[in-house]
Amino acid sequence: MNLKAFGFQALVLGLLLTVWQLLPMEGIVSPQILSPLYTTLINFPKIFARNGLIPGGLIPQLLTTLEELGVAFVMSIAVSIVLGFLFGYFKVLGRSYEPLIYLVYAVPGSIYYPVLFLTLGLGVQSKIAMGFLFGVFPPLINILSGFRKINGIYISMARSMGSSNVQLFTKVVVPSLAPYIMAGIRLALIFTYIGVILGEVIASKGGLGWAISIANYNFDAPLMYDYIIVVVLLAVAFLVAITAVERRVFSYA
Amino acid sequence: MPEGRKELAYVSLIQAASVIAFLVIWQEIVNRGIVPSLFVASPTQVAPPFGPTLLEPFVFERVLYTLSVFAAAFAFTVFAGTVIGLLLGTFIYLRSALEPYMIVLYSIPKAIFIPVFWTFFGLGFSYQFWFASFAGVIPMTLNVMYAVKDIDPELITLSRSLGASPLQVYYKVIIPSIIPAMLTGARISIRAVFADVIAAQEFVGTTGIGYLAQYYATNFEPVPLYVVVVLTALLGIVVYEAIIQAEKRLTRWNVQLS
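Line order of the protein sequences matches chains A and B.
Numbering-wise, the numbering used here puts 81 at position 81 of the first sequence, and it's gapless, one number per residue.
Just so we're on the same page, the numbering used here is the position in the second sequence counted from 1, plus 1000.
Treat the hints as calculated values from the structure; they're not laboratory data.
Among the hints, erroneous ones may be present.
As a list, the in silico EDC-like pairs of lysine to aspartate or glutamate whose alpha-carbon atoms are at most 20 Å apart [to be verified]:
1) B:Lys1172 to B:Asp1150
2) A:Lys91 to B:Glu1003
3) A:Lys205 to A:Glu98
4) A:Lys91 to B:Glu1007
Input sequences plus hints: build the corresponding full structure.
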């Protein structure tokens, strides 16, 4: 079955790539809008050109995006874990802030960006703030739901066997929450990346998303698709990396 | 005082204090000039012109426009996501072929496709509609797909052996069992659709809330900008609350036995 599924997946990919080549080649879609696969791939070396449309080429844009993503990701994880434990442990705080968290979470994220770039400028700061606002809520909500699902029997049992508060925390609470924290890390990575790229695409001075916008404004379709491929491959790399980490961490399960 | 009442009092107190503290800090940041007033508007500056700004046709029409694109795209998302999810859930080969691509699509920043959509559909209603639907349909589809996958096969075998036709199995077993997942999917999609309609409008064009926010931000007019942002936040909250209430009502019968 696994091999069969792999075959089907390869078939779908092949079909997609064929359609990508054929639609513009046969003139069904203008090559200005969808540059044919072959043209896009041939154009790939140009992505590194230092004095082309994108000053400095791919490497500085990649580093800018990774910098923004890294800072926003670490901030989201740190804040969501600290707040998650605080709200989970002090029940009154949790009951007070959980409804407020959901209210803020319901705000459509893209409306934050004009406010952020007006206050923080078009540099990396506004993208970091955007990534943080996108990335902090999903893991926080996840950790809070994890707290609600801790088995009460484990806690009473540990208590009746004479565990101290610290032991209860390290031996029961943290291990029960581990899957939720890990899933939270995955969500934080995905959503900070979404926020950072969204900010870059809409208005910025650098980064992969900015390169896509610039290529689009200048009607350089092949270059735009090259950068889109880079963004997608980076997302796939993140997914693969985080899945590998999850396997390692939960190898006991 | 009983324990529950006492806690409720604390909770309301903390909530009220936090909201007030938030507004006071925001006000103080502007008053003390920590951020120049060219870039930020304080609550006392935003509250009075809130009504008049919204009644300007320039603003009013764009808000209605965004809401209409959002409503159309969300309705389409729910419909298309359910249909695709049912197909992928029913046909195992289709699912195994497409599942990894759906997961990748779920995880990539959809914003990179805004330029593709607007060059393809041109400016106006349709690129916003298709982009928002594209972004929203993925979580919807995934939810419905996994719900179909998780239906207890014994239910299907049982109804088959009692002589149900394939169509009856669909209407009596499959559709009722996916409704909770449909609502969960709709709850995730509704945020994506609203946010992505606005993102598409921020990127290009002169329509909708997204353009308004972009326009006021680039012209250094923080007061109307904050009016628009506060309004959008309120709209987002109302829409999200509405779907949560719908979810609670429609899945009241679905008691978890565990």
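Right, here's what the structure says about each hint:
no., hint, result
1, B:Lys1172 to B:Asp1150, "16 Å, holds"
2, A:Lys91 to B:Glu1003, "13 Å, holds"
3, A:Lys205 to A:Glu98, "36 Å, violated"
4, A:Lys91 to B:Glu1007, "10 Å, holds"
When the structure is compared with the earlier hints, a violation turns up for hint 3 alone.
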